[in-house]
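Q: Go by the hints and put chain V onto chain U.
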Amino acid sequence: MSPITKDKTNWFFACKVEDVPANGGVCIKYKDEQIALFHFARRGEWYASQNLCPHRRQMALSRGMIGTQQAEPKVACPFHKKTFSLTDGRCLSDEHECAIKVFPVKLEEDRVYIGVGGKEGSVVTA
Amino acid sequence: MILAKVTIPRRTPTTDTSLIFRREAPIPWCHAFPGEITPQKLMAIGRIAEKYNLYTKITGGQRIDMFGAHVGDLPLIWEELIEEGFESGHAYGKALRTVKSCVGSTWCRFGLHDSVSYAIRVEERYRGLRAPHKMKSAVSGCIRECAEAQSKDFGIIATEKGWNLYVCGNGGSKPQHAQLLAADLDSETCIQYIDRFLMFYIKTADPLTRTATWLNKMEGGIDYLRNVVVKDSLGIAAELEREMQALVDSYKCEWREVVETPALRKRFTHFVNAPEEKDPSVKFEQLRDQKKAVEWK
Chain U
0 MSPITKDKTN WFFACKVEDV PANGGVCIKY KDEQIALFHF ARRGEWYASQ NLCPHRRQMA
60 LSRGMIGTQQ AEPKVACPFH KKTFSLTDGR CLSDEHECAI KVFPVKLEED RVYIGVGGKE
120 GSVVTA
Chain V
0 MILAKVTIPR RTPTTDTSLI FRREAPIPWC HAFPGEITPQ KLMAIGRIAE KYNLYTKITG
60 GQRIDMFGAH VGDLPLIWEE LIEEGFESGH AYGKALRTVK SCVGSTWCRF GLHDSVSYAI
120 RVEERYRGLR APHKMKSAVS GCIRECAEAQ SKDFGIIATE KGWNLYVCGN GGSKPQHAQL
180 LAADLDSETC IQYIDRFLMF YIKTADPLTR TATWLNKMEG GIDYLRNVVV KDSLGIAAEL
240 EREMQALVDS YKCEWREVVE TPALRKRFTH FVNAPEEKDP SVKFEQLRDQ KKAVEWK
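Those protein sequence lines, which keep their order, are chains U and V.
Residues in the first sequence are numbered consecutively from 0, following numbering that gives the first Met the number 0.
Residues in the second sequence are numbered consecutively from 0, following numbering that gives the first Met the number 0.
Hints were generated in silico from the structure; no laboratory data involved.
Beta carbons: idealized from backbone N, C-alpha and C, even for Gly.
It is possible that some hints are incorrect.
What the hints assert, rightly or not - Calculated cross-link-like contacts (lysine-lysine; reagent style DSS-like; alpha-carbon spacing at most 27 Å): (1) U:Lys105 / V:Lys290; (2) U:Lys80 / V:Lys133; (3) V:Lys277 / U:Lys100; (4) U:Lys30 / V:Lys265; (5) V:Lys40 / U:Lys80; (6) U:Lys28 / V:Lys282; (7) V:Lys56 / U:Lys30; (8) V:Lys56 / U:Lys15; (9) V:Lys277 / U:Lys15; (10) U:Lys28 / V:Lys291; (11) U:Lys30 / V:Lys282; (12) V:Lys265 / U:Lys105; (13) V:Lys277 / U:Lys28; (14) U:Lys80 / V:Lys93; (15) V:Lys230 / U:Lys100; (16) V:Lys265 / U:Lys28; (17) V:Lys50 / U:Lys80; (18) V:Lys265 / U:Lys80; (19) U:Lys7 / U:Lys30; (20) V:Lys290 / V:Lys40.
Said to hold, decoys possible - Derived list of chain U stretches under chain V, where covered just means 3 residues or more per stretch with a C-beta under 8 Å from a C-beta of chain V: (21) 17 to 29; (22) 56 to 65.
Chain U on its own, in the form it takes in the complex (with noise of 0.2 Å):
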């Protein structure tokens, strides 16, 4: 049997909505964790991830490309355009690369938060 787990998703304060470029994706500062922010203004949809890529952990991603493939969302490092799922945060141009890690967002009129605590929203660092 799996144990059971309690939700403790924490979410802080971001930024506001007209803080974010549509179509686009900034940096937030949480503690000492960098979180790349991304709006698919399109779309009405938020996602977040680690700001850090993978591939030669460059703190790039909020930078990146946004775009979907097949529905899916998904950010491109603007380094080596390595591609990410914005959904669960594997790599969708290389499967040998690792995964990000990607963060719930709810807004509250203007105001953005991201959800992270407990084991599930442990940032990764350079």
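A: Relative to chain U, chain V alone:
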């Protein structure tokens, strides 16, 4: 593929993808007119690079590279560069890059015409022009070709009687020389043909296709292209020229726009929720007398 309208697409985070991040910090990349620069401007670049601790290098395109800026410093750096008379070199875009020049008739014993003046005229006309892929150009003052115009998307070489216009040359991993489109043109006609050629390329090439690839895939090749551009076989020359003029008339330096627009300026921070803080993962070390980013592996 014919584009529906000939306007420079509004730049979004996804269009200008050539931004050379090059390890932690984007480069400001300033623009020195085709290879020509005054002592005052050289000193200004030196002063600014020293003030912001930037790595400097001369580029193959006769420009000056400045690396290692923190993203928050970019608007400040550009404010100073613009104050000194520089403007964006569009290194980050699928756009016109450099128009190289040789010394030309002003100082070279072989120069047939003033290649520097013409290169400046060409670069000032097409600067910032967006296209299916980056475009490079050059003007050489004689057949010795010190500006290497034959390896350019459009290259101009002086002849006794005027200018030869070569097109669809590319460098890179599979270099290909440009081919002669028209010979012995006067300065005005040469620009007219370049207008038509560039607009035809912009409107019909697939995205991310350099001019060499576009020509290689073109049915009828250089002869067809010459018919369209020089002989106006499709009857679209006037329209192409009009559309190019509209783009030329609407040029604005993008970095100046950033410097002067607070909403754009505030985008240049690493952390959107801590705009005064620099990226703590950025680390430099010394190489020769300058700095470089610490190895990433």
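Q: Next, verify each hint and record whether it holds.
A: Hints, one by one, checked against the model:
1. U:Lys105 / V:Lys290: violated (42 Å)
2. U:Lys80 / V:Lys133: holds (18 Å)
3. V:Lys277 / U:Lys100: holds (23 Å)
4. U:Lys30 / V:Lys265: holds (22 Å)
5. V:Lys40 / U:Lys80: violated (36 Å)
6. U:Lys28 / V:Lys282: holds (18 Å)
7. V:Lys56 / U:Lys30: Measuring from Cα to Cα gives roughly 37 Å; hence the hint is violated.
8. V:Lys56 / U:Lys15: violated (39 Å)
9. V:Lys277 / U:Lys15: Status holds; Cα separation ~20 Å.
10. U:Lys28 / V:Lys291: Within the cut-off at roughly 25 Å; holds.
11. U:Lys30 / V:Lys282: holds (20 Å)
12. V:Lys265 / U:Lys105: holds (24 Å)
13. V:Lys277 / U:Lys28: holds (11 Å)
14. U:Lys80 / V:Lys93: holds (16 Å)
15. V:Lys230 / U:Lys100: violated (58 Å)
16. V:Lys265 / U:Lys28: holds (16 Å)
17. V:Lys50 / U:Lys80: violated (33 Å)
18. V:Lys265 / U:Lys80: holds (26 Å)
19. U:Lys7 / U:Lys30: holds (18 Å)
20. V:Lys290 / V:Lys40: Answer holds: Lys290 (chain V) to Lys40 (chain V) is near 23 Å, not above 27 Å.
21. 17 to 29: holds (count 11)
22. 56 to 65: holds (count 7)
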